[in-house]
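Asker: Once you have looked at the hints, place chain V on chain B.
There are 2 protein chains.
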Amino acid sequence: MLQKDLPFSQTEFDRRLELTRMAMEDAGIDLLFVTDPSNQNWLTAYDGWSFYVHQGVMVPMEGDPIWWGRRMDSFGARRTCWMAEEQILGYGDHFVQSTERHPMQDLAGRIYALGLGSVRIGVEMENYYYSAKAHEVLTEMLPDATFVDATALVNWQRLIKSEEEIAFIRKAAKISEKVVQTAIDKAEPGLKKNELVAEIMKAGIAGVDDIWGDYPAIVPLTPSGLDATAAHLTWNGDEMRKNEATFFELSGCYRRYHAPLCRTVYLGKPPKEVLNAEKAQLEGIEAGLAAARAGNRACDIANAFIGVLQKHGIHREGRCGYPIGLSYPPDWGERTASIRSEDETVLEPGMVFHFMPALWLETWGLETTETILIKETGEAETLCDMPRKLFVKD
Amino acid sequence: MLQKDLPFSQTEFDRRLELTRMAMEDAGIDLLFVTDPSNQNWLTAYDGWSFYVHQGVMVPMEGDPIWWGRRMDSFGARRTCWMAEEQILGYGDHFVQSTERHPMQDLAGRIYALGLGSVRIGVEMENYYYSAKAHEVLTEMLPDATFVDATALVNWQRLIKSEEEIAFIRKAAKISEKVVQTAIDKAEPGLKKNELVAEIMKAGIAGVDDIWGDYPAIVPLTPSGLDATAAHLTWNGDEMRKNEATFFELSGCYRRYHAPLCRTVYLGKPPKEVLNAEKAQLEGIEAGLAAARAGNRACDIANAFIGVLQKHGIHREGRCGYPIGLSYPPDWGERTASIRSEDETVLEPGMVFHFMPALWLETWGLETTETILIKETGEAETLCDMPRKLFVKD
Numbered sequence: 001m002l003q004k005d006l007p008f009s010q011t012e013f014d015r016r017l018e019l020t021r022m023a024m025e026d027a028g029i030d031l032l033f034v035t036d037p038s039n040q041n042w043l044t045a046y047d048g049w050s051f052y053v054h055q056g057v058m059v060p061m062e063g064d065p066i067w068w069g070r071r072m073d074s075f076g077a078r079r080t081c082w083m084a085e086e087q088i089l090g091y092g093d094h095f096v097q098s099t100e101r102h103p104m105q106d107l108a109g110r111i112y113a114l115g116l117g118s119v120r121i122g123v124e125m126e127n128y129y130y131s132a133k134a135h136e137v138l139t140e141m142l143p144d145a146t147f148v149d150a151t152a153l154v155n156w157q158r159l160i161k162s163e164e165e166i167a168f169i170r171k172a173a174k175i176s177e178k179v180v181q182t183a184i185d186k187a188e189p190g191l192k193k194n195e196l197v198a199e200i201m202k203a204g205i206a207g208v209d210d211i212w213g214d215y216p217a218i219v220p221l222t223p224s225g226l227d228a229t230a231a232h233l234t235w236n237g238d239e240m241r242k243n244e245a246t247f248f249e250l251s252g253c254y255r256r257y258h259a260p261l262c263r264t265v266y267l268g269k270p271p272k273e274v275l276n277a278e279k280a281q282l283e284g285i286e287a288g289l290a291a292a293r294a295g296n297r298a299c300d301i302a303n304a305f306i307g308v309l310q311k312h313g314i315h316r317e318g319r320c321g322y323p324i325g326l327s328y329p330p331d332w333g334e335r336t337a338s339i340r341s342e343d344e345t346v347l348e349p350g351m352v353f354h355f356m357p358a359l360w361l362e363t364w365g366l367e368t369t370e371t372i373l374i375k376e377t378g379e380a381e382t383l384c385d386m387p388r389k390l391f392v393k394d
Numbered sequence: 395m396l397q398k399d400l401p402f403s404q405t406e407f408d409r410r411l412e413l414t415r416m417a418m419e420d421a422g423i424d425l426l427f428v429t430d431p432s433n434q435n436w437l438t439a440y441d442g443w444s445f446y447v448h449q450g451v452m453v454p455m456e457g458d459p460i461w462w463g464r465r466m467d468s469f470g471a472r473r474t475c476w477m478a479e480e481q482i483l484g485y486g487d488h489f490v491q492s493t494e495r496h497p498m499q500d501l502a503g504r505i506y507a508l509g510l511g512s513v514r515i516g517v518e519m520e521n522y523y524y525s526a527k528a529h530e531v532l533t534e535m536l537p538d539a540t541f542v543d544a545t546a547l548v549n550w551q552r553l554i555k556s557e558e559e560i561a562f563i564r565k566a567a568k569i570s571e572k573v574v575q576t577a578i579d580k581a582e583p584g585l586k587k588n589e590l591v592a593e594i595m596k597a598g599i600a601g602v603d604d605i606w607g608d609y610p611a612i613v614p615l616t617p618s619g620l621d622a623t624a625a626h627l628t629w630n631g632d633e634m635r636k637n638e639a640t641f642f643e644l645s646g647c648y649r650r651y652h653a654p655l656c657r658t659v660y661l662g663k664p665p666k667e668v669l670n671a672e673k674a675q676l677e678g679i680e681a682g683l684a685a686a687r688a689g690n691r692a693c694d695i696a697n698a699f700i701g702v703l704q705k706h707g708i709h710r711e712g713r714c715g716y717p718i719g720l721s722y723p724p725d726w727g728e729r730t731a732s733i734r735s736e737d738e739t740v741l742e743p744g745m746v747f748h749f750m751p752a753l754w755l756e757t758w759g760l761e762t763t764e765t766i767l768i769k770e771t772g773e774a775e776t777l778c779d780m781p782r783k784l785f786v787k788d
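From first to last, the protein sequence lines stand for chains B and V. Residue 373 in the numbering used here sits at position 373 of the first sequence, with consecutive numbering throughout. If you count the second sequence from 1, you need to add 394 to reach the numbering used here.
Hints were generated in silico from the structure; no laboratory data involved. Treat the hints with care, since some could be wrong.
Quick list of simulated restraints, FRET-style, between CB atoms [stated by the list, open to error]:
#1 A84(B) to K636(V): 28 to 34 Å
#2 L676(V) to D26(B): 35 to 41 Å
#3 S9(B) to Q704(V): 45 to 51 Å
#4 N630(V) to S9(B): 16 to 22 Å
#5 N236(B) to G457(V): 27 to 33 Å
#6 G115(B) to T540(V): 37 to 43 Å
#7 G225(B) to A507(V): 32 to 38 Å
#8 L585(V) to R101(B): 40 to 46 Å
#9 D185(B) to A478(V): 38 to 44 Å
#10 E317(B) to G422(V): 50 to 56 Å
#11 D579(V) to L361(B): 44 to 50 Å
#12 Y112(B) to H709(V): 48 to 54 Å
#13 T405(V) to L17(B): 53 to 59 Å
Taking lysine-lysine and the DSBU-like style, the derived pairs with C-alpha atoms no more than 30 Å apart in a straight line are [what the hints assert, rightly or not]:
#14 K242(B) to K398(V)
#15 K580(V) to K783(V)
#16 K186(B) to K586(V)
#17 K580(V) to K178(B)
#18 K279(B) to K178(B)
#19 K572(V) to K192(B)
#20 K586(V) to K178(B)
#21 K4(B) to K787(V)
#22 K663(V) to K586(V)
#23 K705(V) to K666(V)
#24 K192(B) to K568(V)
#25 K580(V) to K174(B)
Ideal Cβ placement from N, Cα and C applies to all residues, glycine included.
This is chain B alone, in the form it adopts within the complex (with noise of 0.2 Å):
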C-alpha cells in the first residue's frame, strides 16, 4: 500500500465531484474528458510537471474519476490521486511526440472499453494542453460520440472556494508577503535584475515556516523604467538604474494555491505625475475593495476603481483583475470571471480574486494589487497584509 500525502479530505474531493457531475447533467454531458492540469489536480490531486504530454481525468457519471496518462507518469499519479491503482491508465511512450501516432488514439481505445464510445462527451475545446490535433484525432477515433464544449466547466465550479481551500490560500498568502518584501528590501541601484529575481525566487521556494513554497504559475515578473510599459516582459542582467520604477508581479505558492500580490519600487525621488497616479491608484483600489461585496457583481469592482480613475484623468481599459487559486503554468488566473465592465458574475462569499488594478502607462508602469476574499457580509478582505502604496527608496 502507497503512502499518500493528499492534500485535501476525502470529502472535499467528494463535494468538487458532485459538483461537477451536476454541472455535466446540466450541460448533457455522460462523460467529461478534463485535460486543464488544474482541473485535474482539483478533481483527483493528481500533481507533476508532466502536462507537457497529453494527459487528462476522464469523468464518467457513475464511479470514481479515471487518471489518463503516460505509463512513466501512472507511478507518480498512483503516489498523487485519490483514487485506487485500478483508475489509473497508462499509455506506452511510442505515443509521445511521435510523428507517426497520437495519445488520443490509446484514449479513444480506453473510451471504448469502457462502453462510452456512443455517449455524450465533453471535452475542454478552449485550454493549452487540449491541442487542435488532439480534438482532431479524437473525434475521428470516436464517430459514435457526440462532442460537447466543456470549455472551464470545472473551472467555474473552483470559483467559490471551500475552507479547506481559503485555508491554502491564506498560507500562499504569507509566501507572497515574505517575496514581496524580499524585493523591496533588496532592490537598490547597480543591482542586477537576474540577482534580484534570484532572491525572489529563492524566498519563495523556500517558504515560511513550515509552509514550504511550490512554484507558481507564472515567474516573478519585474520590469523597471520602460519596460514596465509593456505588461509581460521577463528579466535580463541588467542594473537597476535611479530614478525608474519597477513593479514587483509576484505570489507565493503553496501546494499548487497562490494569492498573487504587487507592489511598485521607485528608486529615487518620484516625479510629480507618478505621485498622483499613485494617488489616483489607491483611491481606486479603495472604492474597488469597497464595491467588492457579497450581492454585487464582478463589474461593479471595475467600475468603481475605473470611475476614480477618470475623475483624475486616467484612461483605463482592459481587465482589472480575475479569480485565483489553484493553478498550473501558463497562467495563475481561473479563467472564467473577470473583474470588468461587462462582467455580470454576481460575488459570493468564498470567491478569491485577484484584484489587478495596475498602470501601464507611456513611459512607466504602477502594479499596486491584492488577493482579494468576499465575505458574507461587508467589503472583502485582503489576504496579505503589506502596506499599500508606491515603495521609495531614495
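Answerer: Okay, now just chain V, sitting in the frame of chain B:
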C-alpha cells in the same frame, strides 16, 4: 526610436526566415501562422511571459514576419522583435478570456486585410498554444482558406544550430554545471527538499559571471527514493533522508537556450543493485556517445545504449533523448527527432540533444545525462563539464 537588445544578428534571423520559407514552399503553404512561443522567438526574437493568451507570428512568403497578440503585449513586442513597428499587431482586451468573443476573430480579420483570406494557411495543429477552439474559430471565420497542418515545420528548421546558437547553449551549460554542483553540494539528510530547490533556483538565475540566468522551461525536478520511480514529481517540504537516491533533472538557461544536465546523489552507502545499475548506465552512455556522430541515425544512439543495458540484464523502454535549445514552458525539448529505436533521423553537425539515458526502476531512479553536440567528425561533444557518476555522500 526604441533601443533594442536583440539576441542574434540580422543575418541569423534572415537565415531562419529563409529556411522557414523553403519548408513552407515544400509544404505548399502561402501563409504560416506560428503559435509555439519558441518558434515565435526563433523567428522574431519576441520574448515575454504572454503566451498564456492567444498570440502568434504570421509568416507570409514575402515581407517581414508579423507579430500578432494582445495589445497590452504589443509594447513588449515592439521592444523585443527585430521587425519594424508596423509589423506588430495588437488585439483589444475585450477578446481576452472572454466567454463571448475569441481572439481568432480578430486574427481572421487581419488575414483578410492582408489579402490572404483564400490562400493555403499553415497552422501548428499539435501545440499547447493552438487550442481546439482556436482552430475551430479560425477555420469558421476563413471559409475560403485551405488549412494545412504545419506542426513542427519551424521546429525542424531549428534542429541544426548556428554558431550563434551554440554559443548561447554553451553559456547555458556553464549555468547547468553550477546548478547541478549546487544541488550535489547542498544535499544532505535533514535538508528540506524545498530549501534545496530554493538554492538551486537561486544559483540558476544568478548565473555565472556575466552570463545571467533566464528561467528554464521546466522547474527543477529533484525526487528522492520512491518518488524517483515517477519521472515528473515536483518537490515538497519533506526532509532528505539517509539511504536514498535523489536525482536532479536540471538545466541552466541563457536567453531561452537550455543545456539540461542530470546527476544523482546517494546519501549513504548505495546498495549493490544501485551500483550495478550505475555501472551499466555509464557503460551504456559511453556506447551511446560513441554512436553519436554525423552520418549515424538517432536510433543508433538509443540502440547502443539499450544494447549495453540488456547485456547487464536491465530492461529499458521509452525515449532516451530529444533535441534541445530554445524553449518556453512547459517543455524544453524541441518535439522533432527522438533518440529512440524507431527514429532514423540522420545526425548532422550542429544538432544538439539532451541524451537522457535515465533509469526509473521499481523502488528508485538513476539519472545521469548529457547535453551533446554532434560534430563534423568524431563522437559528440558533451557540453557540460561534470564528472559522470553517481555522487555518493556517506
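Asker: Is the Cα-Cα distance between K4(B) and K787(V) 30 Å or less?
Answerer: Status holds; Cα separation ~28 Å.
Asker: Is K242(B) close enough to K398(V), meaning Cα to Cα at most 30 Å?
Answerer: holds (20 Å)
Asker: Starting from the range 40 to 46 Å, see whether the pair L585(V) and R101(B) falls in it by beta-carbon distance.
Answerer: Taking Cβ atoms as reference, L585(V) and R101(B) lie about 42 Å apart, which means the hint holds.
Asker: Is it true that the CA of K580(V) sits at most 30 Å from the CA of K783(V)?
Answerer: Judged against 30 Å, a Cα distance of about 17 Å means the pair holds.
Asker: Within 30 Å, alpha carbon to alpha carbon, are K192(B) and K568(V)?
Answerer: Given that 30 Å is the threshold and the Cα spacing comes to 19 Å, the pair holds.
Asker: For the hint 38 to 44 Å, verify it against the beta carbon of D185(B) and that of A478(V).
Answerer: Roughly 41 Å apart at Cβ, these two residues keep to the hinted range, so it holds.
Asker: Could you grab the alpha-carbon distance between K572(V) and K192(B) and see if it respects the 30 Å cut-off?
Answerer: holds (19 Å)
Asker: K279(B) and K178(B) were given as a pair; does the straight-line alpha-carbon distance stay at or below 30 Å?
Answerer: holds (25 Å)
Asker: Is the Cα-Cα distance between K663(V) and K586(V) 30 Å or less?
Answerer: holds (20 Å)
Asker: Is the hinted range of 28 to 34 Å satisfied by the C-beta distance from A84(B) to K636(V)?
Answerer: With a Cβ separation near 32 Å, A84(B) and K636(V) satisfy 28 to 34 Å, so the hint holds.
Asker: Does the Cβ-Cβ separation between D579(V) and L361(B) fall within 44 to 50 Å?
Answerer: With Cβ atoms ~45 Å apart, the hint holds.
Asker: Check the following: the C-beta atoms of S9(B) and Q704(V) are separated by a distance inside 45 to 51 Å.
Answerer: The hint (45 to 51 Å, Cβ to Cβ) holds, given that S9(B) and Q704(V) are roughly 47 Å apart.
Violated hints for the displayed structure, listed by number in ascending order: 2, 10, 12.
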